[in-house]
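Enquirer: Keeping the supplied structure of chain H fixed, place chains P and B upon it in accordance with the hints.
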Amino acid sequence: MGERLLTIRDLNIEFDTPQGVVKAVRDVNFHVDKGEILGIVGESGSGKTVSVMSCLGLLTDNEKIVRGEILFEGENLSSAGIRTEKERKRHEQFLNTIRGNKISMIFQDPMTYLNPVLTIGTQLTEGIMTHQKCSKKEAWDKSVELLRKVGIPGPERRMYQYPYEFSGGMRQRIVIAIALSCDPKLLIADEPTTALDVTVQAQILELIRERAKADNTSVIMITHDLGVVASLCERIIIMYGGKVAEEGLAEEIFYEAKHPYTQGLLGSVVKRRQAGDRREPLESIPGTPPDLLKINRGCPFMSRCPKAMKICKDYIPAVTPFSQTHSLSCWLYCKEQARELVERQKAEMGAGLG
Amino acid sequence: MLSPDEFFEPVEDWERDTEYIAMENKSFGRDVWSRFCRNRRALFGLVCLTAVVVLAIFGPMVSPYPYDGMDVAVKNQGSSIAHWFGTDQFGRDTFTRVLYGARISLMIGFVATAINLVIGVLYGGIAGYVGGFADMVLMRIVDIIYAVPAMVYMILLMLLLGSNVYSVMIGICVSGWINMARIVRSQVISLKEQEFSVAAFVMGASTRRILFRHLLINSLGPIIVSVTLMIPQAIFTEAFLSFIGIGISAPMASLGTLAQDAKMQLEIYPMQMIWPVAVICLVIFSLNFMGEGLEEALNPKGKR
Amino acid sequence: MDQPVIKIEDLEKSFKVKSSSFKRPARVRAVNKVSLEIKKGETLGLVGESGCGKSTLGRTILKVHEPDGGKILFEGTDITGFSRAQMRPYRKRMQMIFQDPYASLNPRFTVGELIGEPMEIYDMYTRAEREVRVQELMRTVGLKPDHIRRYPHEFSGGQRQRIGIARTLALDPEFIVCDEPISALDVSIQSQIVNLLEKIQAERQLSYLFIAHDLGMVRHISHRIGVMYLGYLVEVGEADEVYSHPLHPYTKALMSAAPEPDPRAARARQRIMLEGEIPNPLDIPKGCPFCTRCPQAKPRCREERPELKEAGGSGRQAACLLLEG
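Note that the protein sequences, when read in sequence, are chains H, P and B.
With the first letter of the first sequence counted as 1, position 189 gets the number 191 in the working numbering; the numbers rise by one all the way through.
With the first letter of the second sequence counted as 1, position 272 gets the number 354 in the working numbering; the numbers rise by one all the way through.
With the first letter of the third sequence counted as 1, position 255 gets the number 433 in the working numbering; the numbers rise by one all the way through.
The hints are simulated quantities; they were obtained by calculation from the structure and are not laboratory data.
Note that CB positions come from ideal geometry on N, CA and C, so glycine has one too.
For the chain P half of the interface with chain B, some residues (derived, Cβ under 7 angstroms), not all of them: (1) M105; (2) N107; (3) F110; (4) Q276; (5) F278; (6) V284; (7) A287; (8) H296; (9) I299.
If you want the ones that stay clear, here's a sample from chain H, every Cβ over 10 angstroms from chain P, calculated: (10) A82; (11) Q95; (12) V119; (13) T121; (14) C136; (15) S137; (16) A141; (17) P165; (18) H226; (19) K260; (20) V321; (21) F324; (22) Q326.
For reference, chain H alone in the conformation it holds in the complex (with noise of 0.2 angstroms):
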């Protein structure tokens, strides 16, 4: 096991909306090693977004973390427990000496990250000459540098235009380049390839594993699909109603999942090598992701579960591990708990009686 470069604990972000609260995000933990390419699979509010959000400071007014830890080379980044304006600009402070520069973050579009009236090397040596006390000359050399390393050809030339004029592909090129001008430790990726095309997807993914290789980069790679993560990363963790629901290496996800939630997913997606079975329809899960707002007291998938039992309605399972790197939450692999809170209960029922 490699060095622990980011640490969550205990991690819990609730949202206020006009409808009520929502809690995202529930008891999260999970860690990154040093160069470490990490998958996070979610689908929509399954809290994959914001918990990683989180450790940028990056939530919106509405948001905040309710409880938690984000460990970050050892200094905590959650801004639990902050009440006071004046604890919360000296954070604000704090992590605006990270952000850009040793964690930085890639998003799902780049017109939203890039800004359209400024030429690309404004905005590239802008960021290097923030976080880095250097000439302008060596910026713009870095730069120029940078952008042949993310592979965008004439880079001298490239330097003096603007966003609109880079195709979709390129722009993400840009943001990467962007996103490596301070040779971050973290490299956050916010599902950067969903707006992009197949064929071009492929290439942005590539050059995301070289550049971390190459300069020993940790990468979180936040997505929905199972196909980016399975070519790209070595653990995976599964998320669903802003709970963990499984982690474990790629191969163990893969090959060996135990949750039901991530059996149904892997057998929700075709997979290439099944041919001749065509009109075999699809595993697939039933029901629709659960409403944050509404959630039931137990297992968040309890009601989409093929094997769902009554303690899964009112208990939210353990954490149980299989391997070192392997863990799943499920009541279905830890009766041992599950027994042990049923003894427990009827004491206490019998007590009641007596």
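Expert: Relative to chain H, chains P and B alone:
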């Protein structure tokens, strides 16, 4: 409470309810209304406006004084039990006249807006939906109408038709619908590209059905908001015309003419001016508050 | 011989684009001389990258866009030049399912009104009968009939897509254009929708034109597959054949670039990495549209435009000069 013995039994199908919907079942109208009610200022505006409208309709009927009944014995009086707002230079009861004036002003406001609404929605809707060359021609016509200041149309109409309620109304309508037409047109153009109107087309819906049932119904928000802003504008225009003496002529009275009448004696009897002006202000404020409240209720930011 | 439900010949569609107010408007050729046919009960999958004209093709067949050239035959009747009034009886029989379940349902209608609308348009049944029919359709697509008075924004994406499918089925069509019906949905919901579409097809002998960019799903649902590039149909054939032995270099690259949800296979696989991106459709290369990115392009490819021709047997067609030898 579940008994521990049942813990490992499979869940019954009815307990799952995979098609469960957490959201409340609320129609668009009810949703907007409940959000409107949460806005205190808008609600205040609605209450005030309703009060003024009710008084303007029924007040003159129950008042013991006719709006044009002169009584030289009681001219230029201050407020009293008999005359709540006092009397004017001819001894007419100011309260009755203000209510009567409010009735005329509100009528002009509502009727002119209704006419503008119908013309604007149809014109803009057709221009936006048909598009192409027809749209170009229709919008150039609009540009030409709009190029001449509205005041010129009004003054010309007064000269042609005389100073009365109808000429004021027509005057307001000549160019008043143009803003509405432009709003509706741009709404329709953007909604026309939406998949639900393509869906209606593929189903074989008629143009009329697509325009009214799909496009205009979804433009309702901006239309309502602009209506609540058009009414005060019309009232204001009428008051202004009457105040400068080319609006409605005596003995008919609108809030504007009342203010105009009081102008002569402003220094001696300021109250005669203040009452009608206060009512104009109240009506316009109420409508603006309501417009603001509706706008917020129709386009909530926090909505998912 | 079975008559195809839909047959198109040399269909063309282009759009005007204004680049600046002084230049003459240029034309983007979105669909170029595309010919294909779909038999009864068959699904033709249409794949390609964004901007390849696959959605435009689907909409042109339904005459949402008026075609600029070529022919559309619906069960042998040429409907190309039909007016809106003439189209009316045919509209009932050819329908469409949309990509975005949020935008394709009028937000002011209840579910009952949405699904009932097509029947209302054709004045079918009485009001009460319609309501019964709507509830029946809701059950068919797995929605609860009690939700008939609900509004679309109260449902999840997958549920909305099922509302859209129920609405399409209300008219008992014979041919449905599915325009990326699963792209906007979560993975676990996509398979639900695909299964539903297959179930309905088996029950009603429907024909689908299934447009998507998810290659795995297209392979699963389609009997035959067409591959489009820059408005041209470059390859057509049996689904499994096209996947296992692609003929056209573009198809080969597309198949190898598709993300595979299987780490071992993904690592073992040889990928054909294409250089660059799709050219601007305003400025399609003179020869083969794919020649700028094709790893096997010969000088001849830059000069001559290949036609879609029989290649490799079993009714397969491809448009590539290299295959012609």
